[in-house]
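Using the sequences provided together with the hints, build the complete structure.
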Amino acid sequence: MARRITSEREFRVALLRARAVPIVTTMAGSACALLPIVTSWPALPPLGLLMLLAWRLLRPEIWHAWIGLPLGLFDDLLSGQTPGTSMFLWTVILIILDFVDAQLLWRDYWIDWLIATIAIIAGISLGYWLSGLGGTEASLLVAVPQMILSVLSFPVTVRLCRLLDTWRLPS
Amino acid sequence: MPPPRNRRPGFSRRIQFGLFIGYVVAIVGAVLSLGLALISRLDPAGFSMMRTGMIDISAPIAAGGRAIIRSSGAVEHGVTDYFFAVSQNRVLLRELAAARRKLIENRGLERENIRLRQAVSLIEAHDDVVVTARLIGSTPTSTRRFATLAAGANQGVRPGQPVRAVDGLLGRVLQTGLNASRILMLTDGESAVPVRLARNGVPALARGHGDGTLTIHALLPGGSPFRDGDVVLTSGTGGIYPPDIPVAIISHPKGDSAAAWPLADPDSPDFAIVLKDFEPPLPPPPEAQP
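First to last, the protein sequences are chains A and B.
Just so you know, the working numbering puts 100 at position 100 of the first sequence, and the rest follows in order with no gaps.
Just so you know, the working numbering puts 1 at position 1 of the second sequence, and the rest follows in order with no gaps.
Do not rely on the hints blindly, as some may be mistaken.
Stated by the list, open to error - Label pairs and their calculated CB-CB ranges: (1) 261(B) <-> 169(A): 46 to 56 Å; (2) 94(B) <-> 113(A): 40 to 50 Å; (3) 12(A) <-> 53(B): 25 to 35 Å; (4) 155(A) <-> 220(B): 19 to 29 Å.
No lab work stands behind these hints: they were computed from the structure.
The beta carbon of each residue, even a glycine, is placed where N, CA and C say it ideally should be.
Structure representation (C-alpha cells):
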C-alpha cells in the first residue's frame with residue numbers, strides 16, 4: 001500500500017480523511033445505541049466512549065479537549081442519557097488525560113489499559129449519577145456487568161482504531 | 001514508549017494561544033453541559049425539540065435493522081436458559097399451580113361478571129386504544145431504560161400516555177417525535193406505578209430496578225401481604241395508568257416489599273399498544289347540607 005500523493009486534490013482528500021476518520025468512527029460508536037436491541041439492562045458497552053478513549057490514547061495529538069463537547073452531544077442525543085451528561089464527562093476525561101500525559105514519563109500497553117479502565121468506570125458511574133438514578137431503586141450494581149464488558153472490550157477497540165489509523169494515514 | 005510530546009507548545013505565541021483557547025473552550029463547555037444535564041434532570045420536558053428531533057431521525061435506522069432483533073434476543077435467552085434451567089423450572093411449576101388456582105377462581109368471577117353486566121346492561125367501551133405499533137429499539141448503552149416506539153405525534157401519541165403489551169404493562173410515553181416516540185419502561189429506575197394485588201386488592205407501588213426487575217412496596221407498612229407467584233395489576237389510582245392491566249408477578253416476598261418480574265417481557269419486543277390517558281372518575285359532588 002505504498003500510495004504517493006501526486007496532486008493537490010489527492011492531498012486535500014488525504015487530509016480530510018486523516019481528520020474525519022477518528023471523528024466519524026467515534027460517532028459510529030455512539031450510533032451503536034441505535035441497534036435494534038430491546039434489552040432490560042444496559043447490555044452494550046458505551047462504544048462511543050470506548051472509541052474516544054482508544055483514539056485519544058493512540059493518537060494524543062489529533063484532538064483538543066473541546067472535541068468532547070460536539071461528540072458528547074451527539075452521543076447524548078442517541079443514547080437516551082440526560083443531555084449534557086456525555087458532553088460533560090467526555091470533555092472532563094479529555095482534560096484530565098492531557099494532564100496525565102504531562103505527568104507520566106513512561107507509558108505502555110498496560111498503563112494505557114489501566115488509564116482506560118479508570119476512565120470507563122468513572123464515566124459509567126458518573127453517567128449513572130447524572131442521569132438522576134442516584135438514590136432510586138436502580139443501584140449502581142446494574143451497571144457493573146456493563147463496566148466489566150467495557151473494560152474487557154477496550155483492547156479490541158484499540159486494535160480496531162490501529163487498523164483504521166493505518167488506513168487513515170497514507171504511507 | 002514515552003508519550004509523544006507534540007503538545008509542548010514551543011516558542012510560537014500563536015500556537016500557545018491556540019492551545020490556551022482550546023482549554024478555555026473545553027472547560028467553559030464542560031461547565032455549561034453540566035448545567036444542561038442538571039437542568040434537564042429538573043425539567044425533563046425541556047430541550048424536547050432537540051431530543052424528539054433526534055428520535056425521529058434515528059428511528060428509521062433502528063427500524064431498518066429490526067430483523068436482527070429476534071435472533072439477538074433469542075441468543076441472549078438461549079444462553080441464560082441453560083444457566084437457570086432448574087431454578088426456572090421450579091419457578092414455572094409454582095407459577096403454573098398458582099395460575100391453575102387463579103383460572104378456577106376466574107371462571108367463577110367471569111360467570112358472575114356476565115351476570116352483573118347483564119343486570120346493568122353495561123356496554124363495554126373499547127375505544128381507549130390510540131395506536132398499536134412496533135417497539136424498534138431501546139437504550140442498550142445507558143443505565144436508563146427507554147424504548148423507542150415506531151409511532152409518534154402523527155399517529156396521535158402524546159407524552160404521558162400508558163403503553164402496554166399483550167401480556168402486561170410496558171410503561172408510558174415520555175417524549176414524542178413526529179413518527180417515533182420514546183417510552184419510559186416500567187423497569188427504569190425512575191418509574192413508579194401504583195398497583196394492587198390481584199388476590200386481595202392490597203395497594204402497593206411498583207418501582208423499577210433498571211435491570212429488568214421491579215420492587216413492589218406495600219403502601220401500608222408492616223405485615224407481609226405478598227406471596228410467591230402473586231400477580232399485581234395497575235390500580236388506576238392517580239390516573240395515567242388505567243386499572244386492571246397486569247403488571248408483574250412476585251417472586252421473592254420480603255416483609256412489606258417484594259421482588260417481581262414484569263409480565264410483559266421487554267427483551268422480546270413485539271407490538272406495543274398505546275392507550276389513552278386514564279382519568280379516574282370524579283367523586284360525586286358532596287350533597288348540599290340542609
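Verification of the supplied hints:
{"no.": "1", "hint": "261(B) <-> 169(A): 46 to 56 Å", "verdict": "holds (52 Å)"}
{"no.": "2", "hint": "94(B) <-> 113(A): 40 to 50 Å", "verdict": "holds (46 Å)"}
{"no.": "3", "hint": "12(A) <-> 53(B): 25 to 35 Å", "verdict": "holds (32 Å)"}
{"no.": "4", "hint": "155(A) <-> 220(B): 19 to 29 Å", "verdict": "violated (53 Å)"}
Checked against the numbered hints above, the structure breaks only hint 4 and satisfies the rest.
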